[in-house]
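**Q** One letter stands for each residue in the lines below.
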Amino acid sequence: MRIALFLAAVFAAAVALTALGVSAQESLRSYVIVGDAIPDSLTGEAGDAARGRAIVANRSVGLCLLCHRAPIPEERFQGDLAPDLAGAGARWSEGQLRLRLVDASRLNADTIMPPYYRLDHLQRVARNFAGKPILTARQIEDVVAYLASLKE
Amino acid sequence: MRKLSVALGLATVFLASLAMAQAGKDQRRSGYQDMGPTLQKMQDDDTANPAMLYVQAGEALWTQKAGAADKSCADCHSAGSMKGVAARYPAIPPGGDRPVDLEGRINLCRTEHQKAAPFGAESEQMLDLSAYVALQSRGMPIAPPNDPRLAAFRMHGGQLFKGREGQLNLSCANCHDDNAGKKLGGATIPQAHPTGYPIYRLEWQALGSLKRRLRNCMIGMRAEPFDEDSEDYIDLELYLMDRARGMTMDAPAVRP
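Chains as they are written, first to last, in my numbering: chain A, 38 to 189; chain B, -13 to 242.
If you are wondering where the hints come from, they were derived from the structure by calculation, not from laboratory data.
Bear in mind that the values here come from a model prediction, so they are computed numbers and not experimental data.
Possibly wrong hints are sitting among the right ones.
[Said to hold, decoys possible] Each computed DSBU-like pair below joins lysine-lysine, with the alpha-carbon atoms no more than 35 Å apart:
(1) K169(A) with K57(B)
(2) K169(A) with K11(B)
(3) K169(B) with K51(B)
(4) K51(B) with K148(B)
(5) K188(A) with K169(A)
(6) K148(B) with K168(B)
(7) K188(A) with K169(B)
(8) K169(A) with K27(B)
(9) K101(B) with K11(B)
(10) K69(B) with K11(B)
(11) K51(B) with K11(B)
(12) K69(B) with K57(B)
(13) K27(B) with K69(B)
(14) K69(B) with K188(A)
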């Protein structure tokens, strides 16, 4: 009897832990907004600009080129719904770029730029994307590093 | 002198109203108008338009007896009686209390009049027959019925069109009202007028329904598409048809 209860407790704990593990993995890292920027890296580390460039270039990962042009000449089909990303690093600080990516609606409530690192206030998200941000914290940092390198 | 100033006055009024008429000119463009001349030519030439092969298959189905009633569509309808039908659906069928689209209407005839099993929503037969029926409205203006019972469904469709959805948090209107004519990646964003359905879409290499087109856009927004038989599609179609009221039907169309 006691053993059975103990086992049940262990089992319940394991279930709880698994649930926690999943939500811990998928929940967003917290960040602090100062003015129009998120000054600190989401991961505590600097991103990698080369990886960031690949993310921006990829139509099904970054999606940026659907709307923006960028100095990525090997990608022929670039959109024109949004400003050219060339020179973004000269116009904005890393912190400003980070907030723009994380949740551009904080800067312009009507923006069409998707919230890359936000999970709330979304409707009818497709099952395979539900509960996931568009980019991970690490990917955000990689893209910030790439954009910051675009000085002209 | 007095006469002259009156004449001048009239001329000014005339010019002003002319300018106003031009400013108020219909700004709507169909997907056909957004295509390059090569694709337009392909659509215009019935021997080059791949959708016409499906129309031929549809014409054969039209005269084929089916179901326990052993009746063909042609036993009850002349092809001529289908003129303008595709241009006014979705509509509420006799005895019904909510709208059905053209495909839904065809399936009502399958089950009620032919006593046969309904066609699958995007089955080959449904596409063939709806292409044949839609062709009868080619060149006619889109003319949704003035049925007051449709208003609530259409309004719901408008809400679906304007509401943000999906992981990308976009609305249909964000692209098709606010950014039509611009480039999304390599594609020109059309105004999303349903003038040509079913369409032969080059990307599909096949004929496809309006529902399939809408589903594609929802998947692009990373939104969960409506279920195949969802009433939401019909409401959205009602809204789109009303938005395109008066535009010319060009079904079965070719689209990139």
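**Q** All hints, please: hold or fail.
**A** Now for the hints, and whether the structure bears them out:
{"no.": "1", "hint": "K169(A) with K57(B)", "verdict": "53 Å, violated"}
{"no.": "2", "hint": "K169(A) with K11(B)", "verdict": "45 Å, violated"}
{"no.": "3", "hint": "K169(B) with K51(B)", "verdict": "48 Å, violated"}
{"no.": "4", "hint": "K51(B) with K148(B)", "verdict": "44 Å, violated"}
{"no.": "5", "hint": "K188(A) with K169(A)", "verdict": "31 Å, holds"}
{"no.": "6", "hint": "K148(B) with K168(B)", "verdict": "19 Å, holds"}
{"no.": "7", "hint": "K188(A) with K169(B)", "verdict": "25 Å, holds"}
{"no.": "8", "hint": "K169(A) with K27(B)", "verdict": "45 Å, violated"}
{"no.": "9", "hint": "K101(B) with K11(B)", "verdict": "48 Å, violated"}
{"no.": "10", "hint": "K69(B) with K11(B)", "verdict": "28 Å, holds"}
{"no.": "11", "hint": "K51(B) with K11(B)", "verdict": "48 Å, violated"}
{"no.": "12", "hint": "K69(B) with K57(B)", "verdict": "21 Å, holds"}
{"no.": "13", "hint": "K27(B) with K69(B)", "verdict": "24 Å, holds"}
{"no.": "14", "hint": "K69(B) with K188(A)", "verdict": "61 Å, violated"}
In terms of the numbered hints stated before, the structure departs from hints 1, 2, 3, 4, 8, 9, 11, 14, listed from lowest to highest.
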